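Going down the list, the protein sequences come from chains A and B. Mapping of the first sequence onto this note's numbering: residues 1 to 136, in sequence order. Mapping of the second sequence onto this note's numbering: residues 1 to 125, in sequence order.
Hints may contain errors.
Claimed, not checked - Computed list of chain B residues with no C-beta within reach of chain A, every gap over 12 Å:
no.: 1; residue: 10
no.: 2; residue: 37
no.: 3; residue: 77
no.: 4; residue: 103
To be verified - Once the Cα atoms are required to be at most 30 Å apart in a straight line, the calculated DSS-like pairs of lysine-lysine come out as:
no.: 5; chain 1: A; residue 1: 124; chain 2: A; residue 2: 12
no.: 6; chain 1: A; residue 1: 30; chain 2: A; residue 2: 110
no.: 7; chain 1: A; residue 1: 72; chain 2: A; residue 2: 110
no.: 8; chain 1: B; residue 1: 53; chain 2: A; residue 2: 30
no.: 9; chain 1: A; residue 1: 12; chain 2: A; residue 2: 110
no.: 10; chain 1: A; residue 1: 54; chain 2: B; residue 2: 53
no.: 11; chain 1: A; residue 1: 72; chain 2: B; residue 2: 53
no.: 12; chain 1: A; residue 1: 30; chain 2: A; residue 2: 72
no.: 13; chain 1: A; residue 1: 30; chain 2: A; residue 2: 12
no.: 14; chain 1: A; residue 1: 54; chain 2: A; residue 2: 124
no.: 15; chain 1: A; residue 1: 110; chain 2: A; residue 2: 54
no.: 16; chain 1: B; residue 1: 10; chain 2: B; residue 2: 53
no.: 17; chain 1: A; residue 1: 124; chain 2: A; residue 2: 110
no.: 18; chain 1: A; residue 1: 12; chain 2: B; residue 2: 53
no.: 19; chain 1: B; residue 1: 53; chain 2: A; residue 2: 110
Derived by calculation from the structure, the hints in this document are not laboratory data. For clarity, every value in this text was computed on a predicted model and none was experimentally measured. Even glycine gets a Cβ: it sits at the ideal position worked out from N, Cα and C.
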Amino acid sequence: MNVQEEGEVRIKEETDIAIARRATRDLATKLGFGVTETARIVTAASELGRNTYKYAGGGVMLWRALIDNDSKGLELRFSDEGPGIADVNEAMREGHTTGGGLGMGLPGAKRLMDEMEIQSVVGKGTMVTVRKWRRR
Amino acid sequence: MTNELISVIKVHDLLLATMPSDPDDATVAALQEETLTAMDQHEVRGLILDLSKVEILDSYFARTVAETAQMVGLMGGETVIAGMRPAVAITATELGVTLGRTRTALTVERALELAGQRNNATRRR
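Just chain B, with the same shape it has in the complex (with noise of 0.2 Å):
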């Protein structure tokens, strides 16, 4: 069986990791480890989490990315979670998922911006 893997790219100082659009179990496990490893080894200030493809999400899947999202944090980085789609918004808060306090952005280049606003009032200072 063939599935669509995580992808993560780093964009100046930030990482970008896309979710294929219906994820198994393993491969939504594996976006904390290929996440974080990729957070330490491009030492970046934050993940973008790209959901625009995605389908489903899932109370399992839910859960993987608020954590994943809560140990970025513990590393000193920030999360945005960039393009959640109309109908995913819907199901996952009728089913009762919620990310926690995460950052949310309408598309990948809202997110983007977000964050380099934020690194400019950073600079500023």
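Okay, chain A solo, but in the shape it has when bound (with noise of 0.2 Å):
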């Protein structure tokens, strides 16, 4: 898997949350994925975004274009130095919410994308990554 091109946005606030998901709909345009597809990628970043900046009081996510044999895709990675998530397993049952939000940022996520991965240690913060790779 080989990273063609990369970039980041800082989520400070909130409207940070619309401008990074101007940056990954532009990404992922730029990488020819179709209206739905496009579409599922924003709104997965959307969620993603929101948690950063709600749970964690902002981070930061790093946008990546892959390139992996002969598939494109992109990764998205939001990583924060917020308090953690303790029951990892927990925040990804549905309905579950510790924020007072629906509790379907991370399952709704990961259905949208390919590929997530979630690390976080209690007190130091938290790495969301996702993926989504061009059917072709």
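Both chains are sitting in their own frames, so use the hints and assemble them into the complex.
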């Protein structure tokens, strides 16, 4: 898996969630994802970006254009230095929330993307990585 | 940073609110206040919420739309959500978003027809 291009969006304020969405949309469009696939990717970015803002008070979204053999894809990595997730399995459960939301952010983002990895250490921070590959 | 705003206009005895393509959270939040205030000012029967420009409906946006419809209901009005794009409908469903029992229409034109039929039915009674 090779990284073709990368960049980052800092998420400090609520308006940065929309900026992260726009950066994601531009990347997905550039890589040739269709309208529905782009909507899935941008929606996942919005849910994860909002989690970063809401639960950790901010962080960074790192985006990457990937090539694996002949497949093109993109990766989004949201990292923060927030409180961390005590129980990742519980956080992945539908409807589970500690922040007054609907609890669909993480499980919803997982359904919309092809791959998802969560690394979290309580008191240190959280890193959520998602990937989507182009169907041919 | 420039962000398109919500347009709210009165059409006969209805309000037509049009959402921009990718509103930030503040713009989404303004939806509730602007439409409810306009409902009160113009004494309209209901709200048509035009989502035809909208390219993404995440859980926050969807929850705000559902809540707004509920609030309009409390004020005695009815909400029709119009013009949701196929990609948005697919993505929102996969995400797990629902809009409660809010009525929907394919286009704003259909939503106006729907509202008109209801109006005539009420008059005939």
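Going down the list of hints, with the structure as the test:
The beta carbon of residue 10 (chain B) sits about 29 Å from the closest Cβ of chain A, which is more than 12 Å, so the claim that it is off the interface holds. For residue 37 (chain B), the requirement that its beta carbon stay farther than 12 Å from each beta carbon of chain A is met, with the minimum near 22 Å. The claim that residue 77 (chain B) is not at the interface with chain A holds, since no C-beta of that chain comes within 12 Å of its own (minimum 25 Å). The non-interface label for residue 103 (chain B) is consistent with chain A: the shortest C-beta to C-beta separation is roughly 22 Å, beyond 12 Å.
A distance of roughly 18 Å separates the Cα atoms of residue 124 (chain A) and residue 12 (chain A); the hinted pair therefore holds under the 30 Å criterion. For the hint pairing residue 30 (chain A) with residue 110 (chain A), the CA-to-CA distance comes to about 22 Å; that is within 30 Å, so the pair holds. As the CA atoms of residue 72 (chain A) and residue 110 (chain A) are separated by approximately 19 Å, the hinted pair is consistent with the 30 Å bound. Among the hinted pairs, residue 53 (chain B) with residue 30 (chain A) is consistent with the structure: their alpha-carbon atoms are about 21 Å apart, no more than 30 Å.
Simply put, residue 12 (chain A) and residue 110 (chain A) have alpha-carbon atoms about 24 Å apart, close enough for the 30 Å limit, and the pair holds. As the CA atoms of residue 54 (chain A) and residue 53 (chain B) are separated by approximately 27 Å, the hinted pair is consistent with the 30 Å bound. About 28 Å separates the Cα atoms of residue 72 (chain A) and residue 53 (chain B), which keeps this hinted pair within 30 Å; it holds. Between residue 30 (chain A) and residue 72 (chain A) the CA atoms are separated by roughly 11 Å; this keeps the pair inside 30 Å, and the hint holds.
Distance check on the hinted pair: residue 30 (chain A) and residue 12 (chain A) sit about 26 Å apart at the alpha-carbon level, within 30 Å; holds. A C-alpha spacing of about 16 Å is found between residue 54 (chain A) and residue 124 (chain A), which places the hinted pair at or below 30 Å, so the restraint holds. Between residue 110 (chain A) and residue 54 (chain A), the direct Cα distance comes to roughly 19 Å. Compliance with the 30 Å bound is thereby established for this hinted pair. In summary, the hint linking residue 10 (chain B) to residue 53 (chain B) is supported, as the alpha carbons are separated by about 19 Å, within the 30 Å threshold.
At most 30 Å may separate the alpha-carbon atoms for a hinted pair to count; residue 124 (chain A) and residue 110 (chain A) meet this at roughly 23 Å. For the suggested pair residue 12 (chain A) and residue 53 (chain B), the alpha carbons sit about 27 Å apart, so the restraint of at most 30 Å is met. Between residue 53 (chain B) and residue 110 (chain A) the alpha-carbon distance is near 26 Å, which keeps this suggested pair within the 30 Å criterion.
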